[in-house]
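**Student:** Spelled out, the chains give:
Number of protein chains: 2
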Amino acid sequence: MTAPGRLPDEPATRERARAIPEAAVARLAVYLRVLSGLAEQDVTTISSEELSAAAGVNSAKLRKDLSYIGSYGTRGVGYEVEVLVDQIERILGLTRKHSVCVVGIGNLGHALANYAGFPGRGFPVSALFDVDEDLIGVPVGGILVSHVDDIPRVCAEREISIGVIATPPPAAQGVCDRLVSAGVQCILNFAPVVIQVPDHVEVRKVDLAVEMQILSFHVARRADEAANADESGMVVPG
Amino acid sequence: MTAPGRLPDEPATRERARAIPEAAVARLAVYLRVLSGLAEQDVTTISSEELSAAAGVNSAKLRKDLSYIGSYGTRGVGYEVEVLVDQIERILGLTRKHSVCVVGIGNLGHALANYAGFPGRGFPVSALFDVDEDLIGVPVGGILVSHVDDIPRVCAEREISIGVIATPPPAAQGVCDRLVSAGVQCILNFAPVVIQVPDHVEVRKVDLAVEMQILSFHVARRADEAANADESGMVVPG
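Line order of the protein sequences matches chains D and L. Sequential numbering from 1 applies to the first sequence in the UniProt record's numbering. Sequential numbering from 1 applies to the second sequence in the UniProt record's numbering.
Read the hints as simulated data drawn from the structure, not as lab findings. Among the hints, a few may not be true.
One copy or two, either will do: identical chains are not told apart, so a pair holds if it fits within one copy or between any two.
[Unchecked claim] Pairs of lysine to aspartate or glutamate, EDC-like flavour, derived with a Cα cap of 20 angstroms:
#: 1; residue 1: Lys61; residue 2: Asp132
#: 2; residue 1: Lys61; residue 2: Glu159
#: 3; residue 1: Lys64; residue 2: Asp42
#: 4; residue 1: Lys61; residue 2: Glu22
#: 5; residue 1: Lys97; residue 2: Glu211
#: 6; residue 1: Lys97; residue 2: Asp224
#: 7; residue 1: Lys61; residue 2: Asp199
#: 8; residue 1: Lys205; residue 2: Glu22
#: 9; residue 1: Lys61; residue 2: Glu157
#: 10; residue 1: Lys97; residue 2: Asp199
#: 11; residue 1: Lys61; residue 2: Asp224
#: 12; residue 1: Lys97; residue 2: Glu133
#: 13; residue 1: Lys205; residue 2: Glu157
#: 14; residue 1: Lys61; residue 2: Asp134
#: 15; residue 1: Lys205; residue 2: Glu159
#: 16; residue 1: Lys97; residue 2: Glu159
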C-alpha cells in the first residue's frame, strides 16, 4: 500500500527536506533500514515505541524526526510501515538511481567493493579504479578494475553519481578532482585528509580514527563521573 | 612546549568535557589530526583562519569549539600548536592507552586490521577474532587471528578497551555480548544492525549505506533548489 494521491517527487514533500537537520537525516536512514526489514516480514504497522526501540533512538526524538517529513502516525495504531518507507525514500532522494565507484582497491577498497549493504539499499557499485597495473582488468566483487586515467570515460558511461575515495591520503585530492571533472557530485572520503571541492559537490568523511577518539572521549568522561560520584561521598553498595 | 602548571588529568579540564556537544567532539578530533600534522612539520603557531581552512570548518564554529576546552588563542598570533594538541588530547582522553580488537576478519576486518590510521593515533590493533577454523592462527597485519571463544581470555591479557565489530549482521549481538562480558566498554559497530548494550558501554555505529543515503539526500535537495530557482524566473546566464 502506498499513500493515496501522492506523486513520487511531490513539491510539498521535497519542500520539507530543506528544513531537516543533518542529524535527523542520518536517523531517517536508520529508520528506513528497520522499516524495510519489517516490510520484508510483512509487518504492516508499527508503534513509535517499537520503532524507537528497534532503531536505538528515544521515542520523543523519533516522533520529532518523523514530524519533519509530515508523518504523525495514528493514535493507538502507530505508523503504516509501507507509507513510512515510501515517505522516507522520497525525502532521502532514493527514488533516483545512485551508481557508485570506488577509487583505491587496497584492503579497504576490496571491502567496499564487496560491501553487501550497498546494492541491497539502492547503491550498486558499478566501477572500480586504481593506479596499480597489476590490478587493472582484475575482477573484484565481479567488476573489472579500471585505471584512474579512465575515470572521465567510465564514470560517464556507467552514470556514476557517488565516488568513494579509499586511496592513501596523498592521492585523495587528485582523485577527487578527477571525479568532480567527470561530473560526480557526491564524494564519500575514507582517506584521513580534508579534500577541497566546488560548492556544488557534497563531501562526507568517514574517518575511523575520529570514531575511535569519540569513543575514547566518552570512556574518559564516564570514568570522571564515576570518580566524582566517589568523591562526593555517595555510598557504594556492597 | 606544554602548557605550564597543568597536570594531564586536571579536574578543571575534565570538568569541561561534560558540556561539549557530540558534534564538537568529532570536530576536535579533526582539529587534532590537522594540528598533529603541523607539529610534525615544526609549525609552532596557527591562526584560527588557517586552522579552520585546513579542517574544513568555518572559523566561527572553530573558535566556539575551542572555547569549550578553554582555548581562546592570542589576538594577532593565533593558537600555539603544541598547547592546543595537548589540551585536545586530554579532553579526548587520549592520555590513556586504548588497545583495539577486531572481530570478524572478512574483507572489512582485513582492512581494519591493516588500517594505518589506528596505531598512528594511539589505537593499536592488538587482537583479531573470527569463527572460521581456516583463519585461526593465521597472521593478519602481523597479529594471529584467535577464535571468538577466546575473547574473554585474550581481551583480558591484552587489555583491550575498544572492540570493533565487523561480522555479518546476525552475529553482531552475540559478539557484542562476549566483548561486554570480557570488560570491553567501547564498541565500534560496522554491522548494519542495532545492538543492545548495558548503560556503562558506549557504542558508535558506522553504517556505510547510511552515509550513502545522507549523500543522496543532499543531492536531491540541491537538485530541488536548482529547479526552484528556475521556476522562480531567475535568469540563468549563458
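**Student:** Hints first: check each against the structure and report whether it holds.
**Tutor:** So, going through the hints one by one against the coordinates:
In this homomeric assembly, Lys61 and Asp132 never come within 20 angstroms of each other (Cα to Cα): the closest approach is 47 angstroms inside a single copy and 40 angstroms across copies. For the identical chains of this complex, Lys61 and Glu159 are neighbours neither inside a copy (37 angstroms) nor across copies (36 angstroms), given an alpha-carbon limit of 20 angstroms. For a Cα distance limit of 20 angstroms, the shortest separation of Lys64 from Asp42 qualifies neither inside one copy, at 26 angstroms, nor across copies, at 48 angstroms. With identical chains, the CA atoms of Lys61 and Glu22 are at most 20 angstroms apart both within one copy (14 angstroms) and between copies (16 angstroms).
Taking CA atoms no more than 20 angstroms apart as the test, Lys97 paired with Glu211 passes between copies only; the shortest distance there is 16 angstroms, against 29 angstroms inside one copy. In the homo-oligomer, the alpha carbons of Lys97 and Asp224 lie at most 20 angstroms apart only across protomers (16 angstroms), although the nearest pairing inside one protomer, at 48 angstroms, exceeds that limit. In this assembly of identical chains, the alpha carbons of Lys61 and Asp199 lie at most 20 angstroms apart only when taken from different copies (19 angstroms versus 31 angstroms within one copy). Within a single copy, Lys205 and Glu22 get their C-alpha atoms as close as 14 angstroms, and across copies as close as 16 angstroms, so both meet the 20 angstroms cut-off.
In this assembly of identical chains, Lys61 and Glu157 lie within 20 angstroms of each other by CA distance neither inside one copy nor across copies; the values are 42 angstroms within and 41 angstroms between. In this assembly of identical chains, the alpha carbons of Lys97 and Asp199 never lie at most 20 angstroms apart, being 22 angstroms within a copy and 40 angstroms across copies at closest. Taking the shortest Cα distances, Lys61 and Asp224 never come within 20 angstroms of each other, neither inside one copy (28 angstroms) nor across copies (27 angstroms). In this assembly of identical chains, the alpha carbons of Lys97 and Glu133 never lie at most 20 angstroms apart, being 31 angstroms within a copy and 40 angstroms across copies at closest.
For the identical chains of this complex, Lys205 and Glu157 are neighbours neither inside a copy (26 angstroms) nor across copies (34 angstroms), given an alpha-carbon limit of 20 angstroms. When the C-alpha separation of Lys61 and Asp134 is checked against a cutoff of 20 angstroms, the pair qualifies neither within a copy, at 50 angstroms, nor between copies, at 45 angstroms. Taking identical chains as interchangeable, the C-alpha atoms of Lys205 and Glu159 are never at most 20 angstroms apart, the minima being 22 angstroms within one chain and 30 angstroms between chains. For the homomeric pair Lys97 and Glu159, the shortest alpha-carbon distance inside one copy (9 angstroms) is at most 20 angstroms, but the shortest distance between copies (46 angstroms) is not.
This entry does not satisfy hints 1, 2, 3, 9, 10, 11, 12, 13, 14, 15, going by the numbered hints stated previously.
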